[in-house]
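So you can see what is in the structure, the chains are spelled out below.
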Amino acid sequence: MSGLFKSSIGKKLIMSVTGLCLVLFLLFHMSMNLVAIFSGEAYNKVCEFLGTNWYALAGTAVLAVGFLLHIVYAFILTIQNRRARGNVRYAYSVRPKMVEWASQNMLILGIIVLVGLGLHFSHFWYKMMFAELVGAEHQFGPTDGAAWLQFYFSQPVIVVLYLVWFVAIWFHLTHGFWSAIQTIGWNNLVWMSRIQKISTIFATIICLGFAAVVITFFVKSLCCCAA
Amino acid sequence: MKVTLKVWRQANAKAKGEFVTYKDVETTPDTSFLETLDILNESLVERGEEPITFDHDCREGICGMCSLYINGHPHGPATKATTCQLYMRRFKDGETITVEPWRSAGFPVIKDLMVDRSAYDKIQQAGGYVSFNCGGAPDANALPISKEKADLAMDAATCIGCGACAAACKNGSAMLFVSAKISQFALLPQGRPEAARRARAMVAKMDELGFGNCTNTRACEAECPKGISITNIARMNREFLKAKFKD
Amino acid sequence: MSTIDSKIPEGPVAEKWTNYKAHQRLVNPANKRKLDIIVVGTGLAGASAASTLAEMGFNVYNFCIQDSPRRAHSIAAQGGINAAKNYQNDGDSVYRLFYDTVKGGDYRAREANVHRLAEVSNNIIDQCVAQGVPFAREYGGLLANRSFGGAQVSRTFYAKGQTGQQLLLGAYSSLNRQINAGKVKSFNRYEMHDVVIVDGRARGIIAKNLVTGKFERFSANAVVIATGGYGNTYFLSTNAMGCNCSAAIAAYRKGAYFANPSYVQIHPTCIPVHGDKQSKLTLMSESLRNDGRIWVPKNIEDAKKLQKGEIKGSDIPEENRDYYLERRYPAFGNLVPRDVASRAAKERCDKGFGVNNTGLAVFLDFSDAIKRLGIDVVRQRYGNLFDMYEEITDVNPGQLAREINGEKYYNPMMIFPAVHYTMGGIWVDYELQTSIPGLFAIGECNFSDHGANRLGASALMQGLADGYFVLPYTIQNYLADQAIWPKIPTDNEEFAKVEKHCVEEQTRLMNIKGKRSVDSIHKELGHIMWEYVGMGRTAEGLKTALEKLKELRKEFETNLFIPGSQEGLNIELDKAIHLRDFIIMGELIATDALHRNESCGGHFRVEYQTEEGEAKRDDENFFYVGCWKYEGDDNTAPSLIKEPLEYEAIKVQTRNYKN
Chain A
1 MSGLFKSSIG
11 KKLIMSVTGL
21 CLVLFLLFHM
31 SMNLVAIFSG
41 EAYNKVCEFL
51 GTNWYALAGT
61 AVLAVGFLLH
71 IVYAFILTIQ
81 NRRARGNVRY
91 AYSVRPKMVE
101 WASQNMLILG
111 IIVLVGLGLH
121 FSHFWYKMMF
131 AELVGAEHQF
141 GPTDGAAWLQ
151 FYFSQPVIVV
161 LYLVWFVAIW
171 FHLTHGFWSA
181 IQTIGWNNLV
191 WMSRIQKIST
201 IFATIICLGF
211 AAVVITFFVK
221 SLCCCAA
Chain B
1001 MKVTLKVWRQ
1011 ANAKAKGEFV
1021 TYKDVETTPD
1031 TSFLETLDIL
1041 NESLVERGEE
1051 PITFDHDCRE
1061 GICGMCSLYI
1071 NGHPHGPATK
1081 ATTCQLYMRR
1091 FKDGETITVE
1101 PWRSAGFPVI
1111 KDLMVDRSAY
1121 DKIQQAGGYV
1131 SFNCGGAPDA
1141 NALPISKEKA
1151 DLAMDAATCI
1161 GCGACAAACK
1171 NGSAMLFVSA
1181 KISQFALLPQ
1191 GRPEAARRAR
1201 AMVAKMDELG
1211 FGNCTNTRAC
1221 EAECPKGISI
1231 TNIARMNREF
1241 LKAKFKD
Chain C
2001 MSTIDSKIPE
2011 GPVAEKWTNY
2021 KAHQRLVNPA
2031 NKRKLDIIVV
2041 GTGLAGASAA
2051 STLAEMGFNV
2061 YNFCIQDSPR
2071 RAHSIAAQGG
2081 INAAKNYQND
2091 GDSVYRLFYD
2101 TVKGGDYRAR
2111 EANVHRLAEV
2121 SNNIIDQCVA
2131 QGVPFAREYG
2141 GLLANRSFGG
2151 AQVSRTFYAK
2161 GQTGQQLLLG
2171 AYSSLNRQIN
2181 AGKVKSFNRY
2191 EMHDVVIVDG
2201 RARGIIAKNL
2211 VTGKFERFSA
2221 NAVVIATGGY
2231 GNTYFLSTNA
2241 MGCNCSAAIA
2251 AYRKGAYFAN
2261 PSYVQIHPTC
2271 IPVHGDKQSK
2281 LTLMSESLRN
2291 DGRIWVPKNI
2301 EDAKKLQKGE
2311 IKGSDIPEEN
2321 RDYYLERRYP
2331 AFGNLVPRDV
2341 ASRAAKERCD
2351 KGFGVNNTGL
2361 AVFLDFSDAI
2371 KRLGIDVVRQ
2381 RYGNLFDMYE
2391 EITDVNPGQL
2401 AREINGEKYY
2411 NPMMIFPAVH
2421 YTMGGIWVDY
2431 ELQTSIPGLF
2441 AIGECNFSDH
2451 GANRLGASAL
2461 MQGLADGYFV
2471 LPYTIQNYLA
2481 DQAIWPKIPT
2491 DNEEFAKVEK
2501 HCVEEQTRLM
2511 NIKGKRSVDS
2521 IHKELGHIMW
2531 EYVGMGRTAE
2541 GLKTALEKLK
2551 ELRKEFETNL
2561 FIPGSQEGLN
2571 IELDKAIHLR
2581 DFIIMGELIA
2591 TDALHRNESC
2601 GGHFRVEYQT
2611 EEGEAKRDDE
2621 NFFYVGCWKY
2631 EGDDNTAPSL
2641 IKEPLEYEAI
2651 KVQTRNYKN
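Quick note, the sequences are listed as chains A, B and C, same order.
For what it's worth, the numbering used here labels the leading residue of the first sequence as 1, then goes sequentially.
For what it's worth, the numbering used here labels the leading residue of the second sequence as 1001, then goes sequentially.
For what it's worth, the numbering used here labels the leading residue of the third sequence as 2001, then goes sequentially.
Derived from the structure by calculation, the hints contain no laboratory data.
Misleading hints may appear alongside valid ones.
[To be verified] Reference excerpt, derived from the structure (chain B facing chain A, CB under 10 Å, subset only):
1) 1077
2) 1132
3) 1146
4) 1171
5) 1217
Here the structure is a predicted model, which is why all the values come from computation and not from measurement.
Just so you know, even glycine gets a beta-carbon here, dropped at the ideal spot from N, CA and C.
Produce the complete structure using the sequences and hints provided.
Structural data, given as structure tokens:
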């Protein structure tokens, strides 16, 4: 494998594999969140279970590394690509019809996703996992995830921010998912359109799943207020 | 019909270029775009000015010599056609048409609209062949090849090496071009024995020459005058990764 | 008047090549490394020769005027390549291919060369398949064939409508391998301006770097020119814009004989000229004639209406159509050789049956084929050509136009003949060596194999035969004793002299500072050539042409204007050099055509035809290759040297495609 990761395709492979890991994580995270719709207690149990298992922690560490690699290589590749583009740009350029907008704006979308993640961490990870680690005190206990959900998603601004974030993730995934598969080389003329469709469906399921939780809690808060 | 041509003029590789606008160039809908440039050039020469330099040769859409970024598209707005096959009926009377050279670090401008595409030759030289000396070939029918494979190989082999893929790509990536050649040989039994070596060598050369990385936007495929599919890039990646995992 | 030695080996025609190879001198591997060969041109002939010579161990310097060797105009050949494989079991053989080619060439080709060509044709297919050329295949995995004009067997191998491209890319890939190995040095955007002759032998060239505008000197032990034909003399032709005859004319000026320049092939299926601003004619593959039927209206009234644009081709019912090729040549029908098909179209148009506004077009109709095969099959075969035609003319031949009495009529294509290929070229002997020792010419650039007319799918065959299988052998016979001679340094005075001459020529042209652009004079040249030296030539017309060409040369020498400078890239200056040589070429074609008082193949003299309007050869007086020798300057008429043709295997007879 000498020199693999110095090559363009090797670097793309890193993006692809780490991206697919993140996709898997999203699927897992989304499924876990769905539990909260049905039962806050069950949700807290899942959280607790994950928080106390070494392999879940190891998984998180691997994920974090993958995530970092994904971001770092995104920048490395983008810098290289900009250099390859040359110094003078076209004065007049049109995006061909079959080129999807998302595919040409993955970095921007990625940055939006990252910013959203920062928000997400400040809400949940900082108040839960981090608080548990350092023993910090907040209004809800670090193990009461459901309470945190209810707390944040009753605030309309946060709900809107999360929904925007999910839209960005949707765009990022519609391209990213099939693109990862193409980069690994699992594509051909027959599967091309199938993979792209699967990619769109998958992204939609993930994002709807996440959104469902947010909206459910928001609606619940409205009901409570009304009540 | 009359059109206005806004053309990039640049005296040589080092000079600073600029757009020059030529108003009211007289042409007809049946005239090809390059013939319209010929008409403009003829009038420039009559006025004692230097004509616009641009690459062109066969004018039948096959040699790959013509280039030009016309109104925001490599080879102009027509799909699956080279610039030389673009006819003026594609444009409106009185329209302003912007004509630029390929813009990519891999294709430096030589003069006006002419760019240096020798990088593509260098990539081919690195491994775009079957190592075989003339003289000792077995009978052509000794090696049956399924029609399906042969047709796929042919589809990849139709690449004319014009450079539109890299010119269209926001990453300045040449992967569609490189993958077409790698695919053609990877699909055919004649090319299999050195498939790994070829994939390694050609990708390495492509990287060395500073072409960008594919992000699967499919702009290359959309603008390719020969409709080369990006599934060839998937095949190239497969061949390359297979080869590299063995290293 | 002297005669010349064509060095045809002894023995029966079928054994000559075998005998030659058995007895020729070879160069040993150690000496090959010491020998340098210049190959000018990277088309099928040039690229295949350069790569094969390098594979053998010679050091090769390869030049092309385009930005890459892959652009050479061989790439535009659409139809296919012939070989006597007999894969279709339809009775093909080396002899039959040989016979068809000699007959197709109207018995003006050199028998021994053509037989060799037919012999190696099979090796070419093997070679190309081994290189990875994706020829069309049957479902069983074996190679597919199709039929082509001038033959009664299916012997044409093809790769969609892009055979030339695929064969050239094959040769280009071999070339790339040798460039990578360091055995070939490739010089792109370089143009050869002159040959350097030292002690009577070709020992190098002066080439111009088209980007810097500077001349450079290259020394070698032999020079091979593979620079294609001179069709662009006619301004409008199917040749690429860059195709020119300057390298060939440079060789001619240095003393290489120019053979049979009057044999110019007019291709029957091109898109008709649309206006005077046109720079290029587009060829529609001859393969269209496999399924398309060529016709004009039976009634002159219909033709007149078509010319006025009052009706369309599809408005004319079946019974009022004259399928003149099928009528005149029942045995071959629409598949008669190119010269016959072209002249027949001209004959109809001259009689007023032309079908477009200029009266210079005939119909090529697919209604019958669509009825027989269905639109899908027809589109599968010719779809890309239909699309190309539509892009250019705005008419799609696969589109249903109307129904008359239940008959479906589809839009027909319009076609008209255009200059396409030149059979004439630099004279070479059996070894492909010109009359200058050490200077070789291959491919379309030489005159050797097609006689007075070339059959479809034979140009690719000849280019590759010369490059892969003939020249790499025969050049060794010349080089065998050359390794002992010291290399000639490029500061040798002869190199300096020739380079100085090249610079002076450019300066001279730049300093004319007249009023006319290169293209305007070239267009005028084209008009003269097409009018008087085109498909139907007369003694009187040719004399007029020669006078007009003289005037045109004077106009060129005194009234040319080239903008810009000699520094750097100057496309007008490069075109001017080409035009200078096209004018000389035009004079050569006209001179040869005037002297050849007969009609044969691509040379049709109106005075010499049968009552039915067929070409009438004069084997008694013109059974020879007409070679023209340069007499020191452009103003002196060249002198004629004859190479008599000797046929032993084939009986010379009148060409008959009727039954």
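Consistency of the hints with the structure:
no.	hint	result
1	1077	8 Å, holds
2	1132	27 Å, violated
3	1146	15 Å, violated
4	1171	4 Å, holds
5	1217	4 Å, holds
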